[in-house]
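Listed in order, the protein sequences are those of chains C and S.
FYI, in my numbering the residues of the first sequence are 1 to 507.
FYI, in my numbering the residues of the second sequence are 508 to 868.
Incorrect hints may appear among the rest.
Stated by the list, open to error - 25 Å max Cα-Cα, derived PhoX-like pairs, lysine-lysine:
| no. | chain 1 | residue 1 | chain 2 | residue 2 |
| --- | --- | --- | --- | --- |
| 1 | C | K419 | S | K740 |
| 2 | C | K334 | S | K740 |
| 3 | S | K855 | C | K23 |
| 4 | C | K334 | S | K751 |
| 5 | S | K751 | S | K740 |
| 6 | C | K15 | S | K855 |
| 7 | C | K201 | C | K494 |
I should point out that these hints are in silico values taken from the structure, not numbers from a laboratory.
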Amino acid sequence: MDKIKSLEMVNITKKFPGVIANKDVHLKVESGEVLALLGENGAGKTTLMNILYGLYHPNSGRILINDQEVKIDSPKKALDLGIGMVHQHFMLVPSLTVTENVALGIKFKSKFSMDLDNVAQKIKLLSKKHDLNIDSSLLISDLSVGERQKVEIIKALYFNANILVLDEPTAALTPQETDDLIKWLRSVIKEGMGVIFISHKLNEVMNVSDRVEVLRNGKNVFSTPISKTNINQLARKMAGHDVELPTVERKNKFGNTIIELENVWAKNERGLDALRGVNLTIRKGEILGIAGVSGNGQKELAESITGLQKIYKGDIRFKGESIANKSVQSIIDKGMGYIPEDRLHMGTIPGFKVKENLILKDYLRSPFSKIFLLDRTYIKDYCKSTVDEYDVRCPNINTPTHALSGGNIQKLILSRELKREPDALVASYPIRGVDIAAVQYIHEKLLEARDNDMGILLITEELDELINLSDRIAVIYEDQILDVIDTAEADKSKLGLLMAGIKEGSR
Amino acid sequence: MRNNIIKILFNILVLSISFIVALLFGSIILLIAGVNPLVAYQAMIIRPISSVYGLSEALVRSIPLMMVGIGISIAFRSKMINIGGEGQIQLGAVAAGAAALAIPGVPKAIAIPIIILVGFTVGGIWGGIAGWMKAKLSVNEVLSTVMLNYIAFQLYLFLIRGPLIDPSEIAWGTGVPQTARMPDSTIFERLIQQGQRIHSGIFIALIIAILVYFLLWRTTFGFRLRAVGEEPKAANYAGIKVDKYLILAMVLSGGMAGIAGTIEVIGVHHRVLEGLSANYGFSGIVVALFGRLHPIGVIPASFFFGLLLIGAEMMQRAVNIPSALVISIQGLVILAVVSSNLLLENPKYRKKFLGFLMQNN
Numbered sequence: 001m002d003k004i005k006s007l008e009m010v011n012i013t014k015k016f017p018g019v020i021a022n023k024d025v026h027l028k029v030e031s032g033e034v035l036a037l038l039g040e041n042g043a044g045k046t047t048l049m050n051i052l053y054g055l056y057h058p059n060s061g062r063i064l065i066n067d068q069e070v071k072i073d074s075p076k077k078a079l080d081l082g083i084g085m086v087h088q089h090f091m092l093v094p095s096l097t098v099t100e101n102v103a104l105g106i107k108f109k110s111k112f113s114m115d116l117d118n119v120a121q122k123i124k125l126l127s128k129k130h131d132l133n134i135d136s137s138l139l140i141s142d143l144s145v146g147e148r149q150k151v152e153i154i155k156a157l158y159f160n161a162n163i164l165v166l167d168e169p170t171a172a173l174t175p176q177e178t179d180d181l182i183k184w185l186r187s188v189i190k191e192g193m194g195v196i197f198i199s200h201k202l203n204e205v206m207n208v209s210d211r212v213e214v215l216r217n218g219k220n221v222f223s224t225p226i227s228k229t230n231i232n233q234l235a236r237k238m239a240g241h242d243v244e245l246p247t248v249e250r251k252n253k254f255g256n257t258i259i260e261l262e263n264v265w266a267k268n269e270r271g272l273d274a275l276r277g278v279n280l281t282i283r284k285g286e287i288l289g290i291a292g293v294s295g296n297g298q299k300e301l302a303e304s305i306t307g308l309q310k311i312y313k314g315d316i317r318f319k320g321e322s323i324a325n326k327s328v329q330s331i332i333d334k335g336m337g338y339i340p341e342d343r344l345h346m347g348t349i350p351g352f353k354v355k356e357n358l359i360l361k362d363y364l365r366s367p368f369s370k371i372f373l374l375d376r377t378y379i380k381d382y383c384k385s386t387v388d389e390y391d392v393r394c395p396n397i398n399t400p401t402h403a404l405s406g407g408n409i410q411k412l413i414l415s416r417e418l419k420r421e422p423d424a425l426v427a428s429y430p431i432r433g434v435d436i437a438a439v440q441y442i443h444e445k446l447l448e449a450r451d452n453d454m455g456i457l458l459i460t461e462e463l464d465e466l467i468n469l470s471d472r473i474a475v476i477y478e479d480q481i482l483d484v485i486d487t488a489e490a491d492k493s494k495l496g497l498l499m500a501g502i503k504e505g506s507r
Numbered sequence: 508m509r510n511n512i513i514k515i516l517f518n519i520l521v522l523s524i525s526f527i528v529a530l531l532f533g534s535i536i537l538l539i540a541g542v543n544p545l546v547a548y549q550a551m552i553i554r555p556i557s558s559v560y561g562l563s564e565a566l567v568r569s570i571p572l573m574m575v576g577i578g579i580s581i582a583f584r585s586k587m588i589n590i591g592g593e594g595q596i597q598l599g600a601v602a603a604g605a606a607a608l609a610i611p612g613v614p615k616a617i618a619i620p621i622i623i624l625v626g627f628t629v630g631g632i633w634g635g636i637a638g639w640m641k642a643k644l645s646v647n648e649v650l651s652t653v654m655l656n657y658i659a660f661q662l663y664l665f666l667i668r669g670p671l672i673d674p675s676e677i678a679w680g681t682g683v684p685q686t687a688r689m690p691d692s693t694i695f696e697r698l699i700q701q702g703q704r705i706h707s708g709i710f711i712a713l714i715i716a717i718l719v720y721f722l723l724w725r726t727t728f729g730f731r732l733r734a735v736g737e738e739p740k741a742a743n744y745a746g747i748k749v750d751k752y753l754i755l756a757m758v759l760s761g762g763m764a765g766i767a768g769t770i771e772v773i774g775v776h777h778r779v780l781e782g783l784s785a786n787y788g789f790s791g792i793v794v795a796l797f798g799r800l801h802p803i804g805v806i807p808a809s810f811f812f813g814l815l816l817i818g819a820e821m822m823q824r825a826v827n828i829p830s831a832l833v834i835s836i837q838g839l840v841i842l843a844v845v846s847s848n849l850l851l852e853n854p855k856y857r858k859k860f861l862g863f864l865m866q867n868n
């Protein structure tokens, strides 16, 4: 097959039982350009890309490569044609090396042996040529998220892909890694690669793409060169209505201290120090942002406060009383809320019904249960009204939670935590991977809670979110709080330096 | 409503077909053994349901199966796999037997609850050991329950051959390893006369099935237990003590098997004797799976298996073939029925079936 000069999807329609995921969708990408594919969760982007990659078969529609119709009935066919895909959740075997992972997709001449040296050699050449810098003898489990992504890209390049589909490639990357990826993308499109870039982060889209295609409810709604649009317009087109992220009124009066950490030390699962002498205070009616590259102790910080993580030195006080190493239940009862990072396996029980997850922290108290019997009528009414109030979109409250989209699961967790009206809330990456309308909603709710005197610890990698919402920002670096600054004095470059561990005047 | 009828029709059709397929394979075995399959199957299928004796015996066998099946369903709800039913039955039985012999003069209304409680407690402790080892020492419960079976079996033999042996066996010098007969005030009544063995223990089993259903789905305890099984990380996040509920689930599970042993003693044999549990601890696993690991689903599943067990016995007597062949035919039927689960669960196949019906109407 020749190199792909243009790839076109024409009038693609894909129906699932009860839903039309794509209706007469068209899409065109040429070599040497980045096409951004935008849409809210559930708009049909992933379905469309899975059709392109041969994972789904459309009910109708055609795919043209260099103006010739092709049939793509399997991922192998897609790869043979030169279409590579990097999924949001990587398709790598953690216990194998980089070389072995690439070799998984190769059909070797011999049935009983694999020429891995040859594969390793080719990977080396590729990574040199494309400046990807991966040691192919390493195990996947030893690589960072950013490095794993590079392995996925190498896999695609190995099979001579020259159309690359990247499904939310920056969702799990640190700001630095994101910058590197964008730089890298710019260089490969110069060499004639075509890229389809799926992202929720509109500033990245503005930054990297040449054209934009917006989907809503499975249909094309907007298509434009990037030079003729702006973030606000794109957000509006995606949501179908005006989206304005809440502008925050700066407060200058806060209540008393509600959470206080004093010289807290904790070890992670591997027995290494994950918090080393952390001091922090959170006041009533304040959002304290935690900035930092993930893996610098954020998880242990959040879990120490909520009782899931044991600390071995220091003290944590909540409403004036020590909660260090107290049981999770007693800390919940005392009025602590927690939106965890792992929303599907910690924030909710995936196999439980929506209603069961909504009462996960309330089932013990009256009127949800009396003595030990659950009050089913009350629970049903409560959950119905909560789902309506917080706009959690689900077929009904008896749906298993894993069937919901990420944004809706997040709203479910948010509603559960906020409806309990806790005195303090720890929110870890509350908007990771959710669409812009949900971001708007979650931010509004957090600010509303703050204005109702809740003390909030907000952990996130998004600097915009931090600067927009926080009253103060603490920077965490290598298990320690490097600095705490007022948001008024914060800007991205200053935070970026701090996140990299560079404190002004220290060097 | 209409959908439900179609679903039931479809399920019956699938189950019948898989049953017939199993019988076809089984007839090959029978033909090799030189037996007319038609005669054999007539004995296996028709006889149990056409005589009072057959039905009574099927129910008698379904009671311990039901109890073990309920126990395994409870353990499964917290994602624990209890292979230790056999040991839990035996220890529950021997403890219940000892308790019954110890309280001869106590009125029935008090004696029977005490005996059941003793059987439950001892079975529960035996299951709880495996739960504790899992929770505190991360010992795989499949391994520990199987090993505990060996220990329980030897303990059981020791008790009925030694300390608990019927004194008259020693006096007469016969030495059959069994306990003395239970006093009348401690045994279940027979429900029908004419020498049939069906006893009032079936009501106990049915009531427990319903109670367990309520416990699992209507109480805060069941909510926690299921939460721990579905996702321990989230359960921990919600303030539930995961370890505690793993252990409790195994205690309950073992306790149910303990009651199964108890009912065998005070309902059927009226003594504790060797070979008391006819592998109910293992057949109960199949019953639980077939009943969708749901305490109510276990009720019909246990009756079906009861019929299958007595049918196999009747076939053996009717055509006089080695019991090994009977067991393999039984295995075939179970395999076929359990594999048909795939079809039963899949709405896609049901839809095709519906389409087929429409065409023919």
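Which numbered hints fail: Nothing - there is no hint that the structure violates, so all of them hold.
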